[in-house]
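> Here is how the chains run, residue by residue.
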Amino acid sequence: MRNWVLTGAALVLLVGGAASAQERPSDQTLRFLQSKVVADPDDALAHNRLAGAYIRKARESGDIAYYALAEQTAQRSLQIIPRGPVAARATTMMAVVQLARHQFREALVSVRTALDQDPSEQTPQAIAGDALIELGEYDEAGRAYARLAGLDGPRRPDARVAYLKFLRGDTPGAIASMREAVTRWAAAMPVGEPLAWTRAQLGHLLLGTNDLGGAEAAYRDALTALPGYHPALAGSAAVQAARGKLPDAAALYHKALDVVPLPEYATALGDVYTRLGRTTEASKQYALVEYIGKLSAINQTVYNRELALFYADHERKLPQVLDLARKELEARRDVYTYDVLAWTLYRNGQAREAQAAMKEALKLGTQDARLLFHAGMIHRALGEDDAARTALARALALNPRFHVLHAEVAASALAELRARR
Amino acid sequence: MRRLAALLVLLALGLAVTGADAHPLGNFSISHYTALEIGAADVTVRYVIDMAEIPTFQETQDTGLVAEAGHASVAPWSANKVAALVRGLRLTIGEQPLSLTAVSHETIFPPGAGGLPTLKLGVVYRAPLPKEADGTLELRYRDENFAERAGWKEIIARPAPGVTLVASTAPATDRSRELSDYPTDLLNSPPQDVEARVSFTRGTSTVAAAPAAAAPPMALRPNVQTSGGNAFADLVARSEPGLGLLALALATAAVLGGFHALEPGHGKTVVAAYLVGSRGTAWHALILGVVVTISHTAGVYLLGAVTFYASKHVVPEQLYPWLSLFSGLTIAVLGAMMFIRRFGGVADHHHGPGGHHHGPGGHTHSHDGLAAHTHGPGEAHDHASQPVSLRALVALGVSGGIIPCPAALVVLLTALSLHRVGFGLVLIVAFSVGLAAVLVAIGILMVYAGRLMTRFKEEGPLIQRWLPLTSSAVMTLLGFGIAIQAVVPWIRR
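Protein chains in written order, with our numbering: chain U, 1 to 421; chain F, 1 to 493.
Next comes chain U alone, as it looks inside the complex (with noise of 0.2 Å):
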C-alpha cells in the first residue's frame, strides 16, 4: 500500500516537473535535441538543428550566451562533417551568428562558403540580403532575395523585403509585406519568436506612420506571440509615450529593461523621465547608457551606432562620439549609420560635413521622421532655409509624434523657419 502511495506521489512529480511554469517550448526543444546529441553525439544533423535552437533561444531572450553555443554546437558539426550539404547548414548557422554579432563580412563568407557545400541551399541567400543590408549594398540585397521569391509558406523573405521597401521610401508597400509575412507566420507557427519579431516589425512600421492603434494592436499581438517579448514592450512603451501618457511608457520601458538593458532602452526611458522632469531619474536612465557604452567599448559589442546616436542626442562626449561614428561606419555602411554620422557632425559645428553625410542616408529616400528631422536641422544651421523648412515639414508630416523630445524640436524649429520668412 504504502509502496502505491510513493509510486504515485512520484508521478505526480514528474508530471508536474515536466509542465513547469517557467519552461517554454524552446527549453524543452533544447533538452531534447540535447539529449539526442548526448545519445549520439557524431549525428551532425542533431548538432545542427541544436545550433539553431540555441539560436531561437538567443533571440528570444536576448541572452548573448546562446549564440556562443550556437556556434559551439555548428563547429561541432562541421568537425563531424566538414562538407555537403549538412557542413553548409552549419555554416548556415556560423553565418546567423556572425550576423548577430554585426560581423557582416564575415558573414558573407560563411554564406559563400556554405552555398559552395550546397548550391540548392536558400537560408544563406536571406543571410547575405541581410548582411549586405547592412553593408549598404542595396541591389545586391534586393537580388538575394529576388533568388528566394518563389519560396512558400514563412519562409518567403517577406520580412525582409518589407525592410528594403521601407528603406526605399515605400513604407506602404513595406507595410503590406510585413503583413503579408504575419499572415505566413501565423499559419505556420502561431506561437513563437518568429512571428512576435514579425509583429512587432510590423508595430515599428506602423509607429513610424503614426498608425499608434495599429502599432499598439501589432506590439499586443506579439507579446500574446511571445509573453515578455521585450522588442514588443518597448514598442508599446513608445506608443504610449507617442500617446503623452508618458507615466505608461515609463513602466513599460522599465519591463523591456527589466528583460534586457539595451541601450535603446535606456536611452528612451530617459528621454520619457526628461520630459516629465523627473530629471533625476532621467539621469539615472542616461548614466546606465553610458555604463553600457563603457562596457560596450570594453567587449566591443554591438551597440556602437546606438550610442553614438545617445550621446550626440544629449551632447555628451562630442568629439569622440564622432570617433565611433566614424569607426561603425568602417564595419556598417547602411543609411542609418550615415545618419547617425550626419547627426554626430552636426553636433560637433560641422554642418557642411554632416551634409554630406546626411545625403548619403536620405539616397534611398527613406521616409524616416528622424532622418528627415536630422536633415532640417543640418540645413537650417547652413543657412538653407527653403530645404530645412520642407525637410522639418515632411518630418512632421510623417509623424508628428516621432520622438518624445525632439517632435518638439523641429515643430518649434519649423515654426521659427516659417517666422522669418
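In case anyone wonders, no lab produced these hints; they're calculated from the structure. The reader is advised that the hints may include incorrect statements.
What the hints assert, rightly or not - To list a few chain F residues with every Cβ distance to chain U over 10 Å, as calculated:
{"no.": "1", "residue": "A79"}
{"no.": "2", "residue": "T92"}
{"no.": "3", "residue": "L116"}
{"no.": "4", "residue": "A150"}
{"no.": "5", "residue": "D181"}
{"no.": "6", "residue": "A219"}
{"no.": "7", "residue": "R221"}
{"no.": "8", "residue": "A282"}
{"no.": "9", "residue": "L325"}
{"no.": "10", "residue": "A441"}
Said to hold, decoys possible - Just some of the chain U residues that point at chain F, by a computed CB distance under 7 Å:
{"no.": "11", "residue": "L30"}
{"no.": "12", "residue": "S61"}
{"no.": "13", "residue": "D63"}
{"no.": "14", "residue": "L69"}
{"no.": "15", "residue": "V191"}
{"no.": "16", "residue": "G228"}
{"no.": "17", "residue": "P261"}
{"no.": "18", "residue": "E290"}
{"no.": "19", "residue": "Y291"}
{"no.": "20", "residue": "L295"}
Yeah, the Cβ is synthetic: ideal placement off N, Cα and C, and Gly gets one too.
Given chain U, put chain F in place with the hints provided.
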C-alpha cells in the same frame, strides 16, 4: 581547395568570437542558485544571486550601494536585499507556507569586464519543518526574483542525514559550484529552473531528537571563467592595451604563429629540403625567415583588404587556389633547377626561379652585398659547389609565406570589425614573425644536421650527391603536389 575553404571557415568561426565577456552569461545576466538542504527538523535554503556588470550598476544606481568590499553602504544594502529577496521565495509543505529566516549572508564584488564590479550575494535561509507531520511530505519551492532577466537559474535538492528523498524535480548535484564555475560546453545551456518539488520521508525518531544543526555560512567565490572567447581574437578585442598588455599580446601572437607553423602546410618540408639540398647556412635560414615574415604579413594584409573592401566582387576563397598554384609552381621550379644542377653536376651555376639569374655561385653573394655575412668563422667552405642564391631564397620565402594563414586573416578581420585596425596589423606582424621563427629554427636545425653528417663522412657520395639530389627531387614533387592540389577542384567542377 575545398578543404582549405572549410578550414578557413572553421578557423574563422573558432577565432571570431567577439570580445571578452567577463561574465560567462553576458553582462546583463542575473543568475540564481538555490540549494535546498532538507533536514529532519528544518529546511536550509542556500541562495546565491550573481549579478553581472550591468545589473550591478543598476543596483548601485537605484540604492546608493557602493560596490566596494568593506564600504559602509554594503552592510545596510545587504540587509535590505536579504529581506527583499526572501519575499520572492515561496516555500511550502503541502499547502502550508514555511517562513524563511536569514541565518547568515555574504556579499562580494568580484571584478568583471575591464575591472568593473559584479556582485554576488549569498544568503543562508532556514525554515523549520512542522514537527507533527508524518509520512511522505511534499516540499514545493519557487523563486520569483528577477523572473524576466536572463541568467543561469539552478535549483538543487539534497537530503540531510535521517531524511530520504522519495522524488525530486531538482537534481542533487551542483552544476555551477554555487555560481562560481559555469559549465560553458555546448550541452550545458543555462538551466532555467525556478521551481522545484521534492517529496521526502523522515524517520520518526529523528524528528523529535534532531537539533537544528548549524548551517555553514556562505563562502562565495568569484567566477572561474572569464571568457568563452579565443585567445588570439581576444587579444584584439581587449580595450586600450597598455604597454605591458601590448607586449604580452605581441608575444602571444608570436607564439600562436609558431604553433601554426608547426601545423601541416607552411612549407616546412620545402624549407628544410631546400636548405639541405642547397647546403645553406644559418644565414640563409635567417634570410628565408625574414622573407617568409614579410610575405606572410603582406599576404594577410592583401587578402584582408580584398575580403574587407572587395568582398562583393572577389570571393576571397577563390584567391587561395591561385596563391597555392603560384606557390606550388615556384617551389617545383626551384626544386627542378636544383635537381638538374645536382644531377648534371653543374655546381657553379644557379638559375633563379624566372631564369633571370645567371652567374657563378660564388659571386652571387657579393652582388647581393651579403657575401661577408654568409660565412661565419669555422664554417665549411664548400660553397663553391653549393651556392645559395638570394633570389632563390626570396622566391622560396615568398612562395612559402604568400599563402596567408586563415587564422591570421581572421584576426585581421576581427580587428577591422572591432575598429582596432592598427593593433590588428601589428599583431599580424608578430604572428608572422612567430611563424617564420619556427621555420627558421627548422631550417637551421636541418643545416646543422646536414653538417653533422658531413663530418661523419666528409665528401662521401651520400652528402655530396644523393642527399641534395633526393632533397631537390622531394622539393619538386612537393611543389607539383601543392600546385595540383590547387588545380584539381577546378577540374572537378
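> Hint by hint, where does the structure go against what was stated? Just the numbers, ascending.
3, 4, 15, 18
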